[in-house]
Structure formats: C-alpha cells, structure tokens
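Heads up: the sequence lines are chains W and R, in that order. Counted the way full-length UniProt numbering counts, the first sequence spans residues 1 to 488. Counted the way full-length UniProt numbering counts, the second sequence spans residues 1 to 96.
Among these hints, one or two may not hold up.
To give an idea of the chain R side of the interface with chain W (calculated C-beta under 7 Å), a few residues [stated by the list, open to error]:
(1) L14
(2) T46
(3) L58
(4) D62
(5) P83
(6) E87
(7) V92
Only pairs whose alpha carbons sit at most 16 Å apart, straight line, appear in this in silico EDC-like list of lysine to aspartate or glutamate [as the list claims (entries may be wrong)]:
(8) R/K2 with R/E22
(9) W/K306 with R/E39
(10) R/K70 with W/E233
(11) W/K306 with W/E395
(12) R/K91 with W/D235
(13) R/K70 with W/E395
(14) R/K94 with W/E356
(15) W/K306 with R/E6
(16) W/K306 with R/D36
(17) R/K18 with W/E356
(18) R/K18 with W/E233
(19) R/K18 with R/D36
Derived coverage of chain W by chain R (criterion: at least 3 residues anywhere in the stretch with Cβ under 8 Å from a Cβ of chain R; other residues may be distant) [as the list claims (entries may be wrong)]:
(20) 38-46
(21) 64-76
(22) 299-307
(23) 319-329
Bear in mind the hints are in silico, worked out from the structure with no lab data behind them. On a predicted model such as this, the values are computed, not experimentally measured, just so you know. From the three backbone atoms N, C-alpha and C, an ideal C-beta is built for every residue, glycine too.
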Amino acid sequence: MPYRSFRSVQADLANGTTTCRGLVDDYLTRIAENAHLNAFTEVYADEARQRADELDGRRAENPVRIGRLHGMVIGLKDVLSHAGHGLQAGSHILSGFTAQFTATAVERLLAEDAIIIGRQNCDEFAMGSSNESSAFGVVRNAADPERVPGGSSGGSAVAVQAGLCLASIGSDTGGSVRQPAAFCGVVGLKPTYGRISRWGLVAYASSFDCIGPIANTPADVALLLEVMAGADEFDSTVSTRPVAAYSQATLPSLASGGRPVRVAYLIDGVESEGVSPDIRRATQGAIDRLLAAGHVVEPVSLSLLKYLLPTYYILTTAEASSNLSRFDGVRYGHRAQPASGAQTDLVEMYKQSRTEGFGPEVRKRILLGTFALSASYYDAYYTKAQQVRRLVRDETERVFANYDFLLTPTTPGSAFRLGEKSDHTAETDPLQMYLADIFTVQANVTGYPAISIPNGTDSNGLPIGIQLMAPPFAEESLIAMAERMFKV
Amino acid sequence: MKVDTETLYKIAHLARLKVPPEEEGQLLNSLNSVLDWMEQLNEVDTTGIEPLTHMSALDEVDILRDDVVKNQLPRTQALVNAPVHDEQFIKVTKVL
C-alpha cells in the first residue's frame, strides 16, 4: 500500500523500515503498473533513483542535517520549469522544448531534499477542466478509468490518488488544483495570489495564476506551501509578507477557551438544482458536523455568483491571448515547414506554426481574448469585466467581514465521463464544461486562498470535495480548519 | 451575432492564427455562444467603478529588485531550443 502522509514516510525512514531508494523504486513500480491512467508525460526513473541514493547517503552521514522534504517524492505538472528537463504545457507547440532554468518553487523543493519523479499530464496550457485537451492524450480517473480526473492539473491529482508519488505541484487559474483534487479524492490548495512566486510557471492568465500543491492531507499541502512560499526577486507580483509555519498551524479548540469559528456557506451549494443531489447532501452533512461541533455556520448568498464565470473567461482569455503571443516558432517551439518550393513570409510562418502547434481549445481562447482586447470591443468586454471583478472582490470582502471561512462544494458534480462534455461533434454545449468551475473561480477572481478536501463519495463511489475559502494571507487558519474537518 | 465570417478572419489575423476552413462554422457558433454568455455582465451596473487591474496588495504593487544584470541565459543555452539556428544566431525566413 502506498504511503498516505509524509509523517508516515518520515517515521519509516527514521526507523529504517524504508529508504529513499526503496520509496522511489516502489513509486516507479506503481507508475509502470498504472501507465493506462496516463498521469505522467515523462518519468525521471534513473535520475530519481540516483537522487534517492544520494539522500540516503546524506541521512546515513548525519540524520539531523536533512532537508524538510527529505524523502518526499513529488511530481510536477508539465507547466513548471525544471532545468534540463522537458517542458511542454501539454502542447505540441513546445514539442522537444528543454527548460533552461528552474522555477523558484521547484528550486525551493529541491533545496529541502525533495525527489522529483517526473512531469505530469495536464490540459493544454492549463486550459480545461477535464484533462482531455492535452497533446499527450486524456488522463483517466483512478476511481473509474472511464471518467475524467478533472483539470487542468489532472495528471497531478491522479498521481497522488493512485499512489504514484506522495505529492504533486500543480497550478490553479480557475480551479485547476482544487477541482481535480475533488474529483480524485485528494487535497488541493490554491494559495493567496502572490503567495508563491510564479517565476518559471508557464503563464496562462497572469493575474489569476497560482502554483498550488496537491497531496493526501492538509498537513502535507501545508508543508509544501511553507517551503515554496515567499519573496522572490524574479516575480514582481509575489508578496514579501513573512511565511508562517503553515504545517504547525492550529485553531484553538473550543474546550480550551477558543472562540467558535464563524463559517458562511453559500446557499446555492446546498440548494441549487445545478448541484448534484449527492453533493448537496454531502455538503449539508459537513455543515451539520460543524454545527454539532459548536461552530457558527450560517447561509449567505452572492448576488454576483452568476457573473463569476463570464468575468473569469473574459479576463483569462484576454490575458492568455497576450501571454501566448510569445509562441511564434522563432526562438523556441514548433516551427511550421513551408510547403516545398513555396516562398513563405514571416507572418505566414507565425500563423502556420501557431495553427499547427496549438490545439482547438487554446486557439479558441486566444481568438476570444483577441476579440475582447480589440479596439472596438475593449471597453465593452475587458474593462467591464475588470469593473465586475472589483465588485466581486468587494462583495467577497463583505462576507469575510462577518465570517472566517466561506464553505461550498468544490464542484457542482462529481467526475464526468470521458467525452461527456468535450465531444465537439456531439450536441454538447461548450459552456457545460466551464460550469464545472462555478465554485472554484471566485478564489481566483478575488485572489483569495482556498482549499479542497475530500467529503465522502457519491452513489457511484466517486469522490466528492468540499471547499473552504479564507481572506488573503489567512492560509494558517485555512489549513488548520481544513485539518480539523479532514480528521472528522 | 457579434462575430461574422469577416470579423473571425480579422481577429484570427490579429492573433496570428489561421482558420482551417472545416472549422469555420463550428468556430463561429462556439465564439458567438461564449460571447453572448459573457454579455450577461451588461446586467451589472458598473457606473463609476474603477477597473481592478492589480491583484497584489496595494502596498505590494510592482516590487522591483535592483537593476543589476543577473540570471543570464548564455548564447549556447539560448540556442538549444531554437528550431533553426547557426553557431551564433536564430534563423528565420528572409525578411528583406
């Protein structure tokens, strides 16, 4: 059985039950056995074994002077730069690309003795909610291989779910860490915007993108956040606020005189027809447990709820159209070959390279963003969405004036079938896929932190997630509360 | 309909993308349905609301480091990912 917490890994490493090399070999075996899930796009078998041997040697020399992540075997979503390794963001346009530097977040994991075992499949340029748009093919949910793992960090969530690594690092622009974590029955954290440096993260929408950990327990995502967070001179948007000891965070218990926690829950999460009955029931169950524990739990509604996704899509497609203009086939990435004998000018080369290199969803979002930013429509779409973004943030701030946390289901439904929402030939509404992110996007539109933890299963045995959101930089209490709910 | 065929080709040109002929119809439908859905925002009164343009805390916008050269990418490394290059330069099709 694979390990389900870093604490148990550390205990077994300390008492000699296992070694880093033993851990890596076990994970490599399970990765091979679960190749059909398609969670990894590349596995660094030799490198991980070598690293494990080095770490075992270091522990033998001096068991006290080891890094905080010594023995943690981690996978990286294919959007994080790791020098000397492939990096493709799940896209053909970066076929053969080798990263030239290491992301700050990854650098910090390595400095604390983590072992990177491979890079993990994701939706192309992190655009998707089902991991069906990757150039590397679909990823399958280990709970039911005919169903999606969620996205865009689908490979990362499945890898943790199936015990192919202890933890993964993903990215979350509209729910891409939390939604797949919910679909796969694991824990996913999106920190406050700017808590972790984005240096070395392939950009999708820069005012939304956050690096976030996926693991089995709140304690493990807390430790990873603690290691990755903090000031970085290569990202001018990263916060310089001190990094707390998130992995030690606790909430004072009511028994020891702590005040009751004040939780608001979004009324739509337990009443809306758009939320599956099983998820409504599971969410109500979590509310009942909090009430029984003596906390204040009260319903709230958001008047701007239905405007969250349109705001998100206008702004993210606009930012994406700008960010992805760098892929032009000149300095790196795919360059189209001119038809034999044909004279091709530079603009024609850009167009052909980009059209061949990007998949349909990415091209569609670039076109939407280009439209929203075009001179005649800029104010009607882009400026309007930025104004609504401020109103959403103001309304969210008002909720948190009275409450410590906002509770919602992570997703309105559980993992859907492969092709169910993505089959472009069928009569599927492209907006159905977008609605999977209805509860997660608020945290990205506002920049607030949020965590998804498992909350039982539905009648098909599929995992259900519950989400807690907190005010900016309140990760300590957010994680402590998640830890408390996780243990129940 | 916000996007007609002419507009589609215009924005595709601005985005440096081609519209494969077999995708034209579906793309028009798909873009227009998403844009219609986005227009729900017109129901929100935003009179006098300042657009939110920075997500960092107000005291932390654009923190810059000292302007010192560091973190360079050596030429040999920079050329590793170039699709067509010689010893020194990345090559493109004849421009002039």
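_Flag every earlier hint the structure violates by its number, smallest first._
3, 6, 8, 12, 13, 14, 15, 18, 19, 20 and 21
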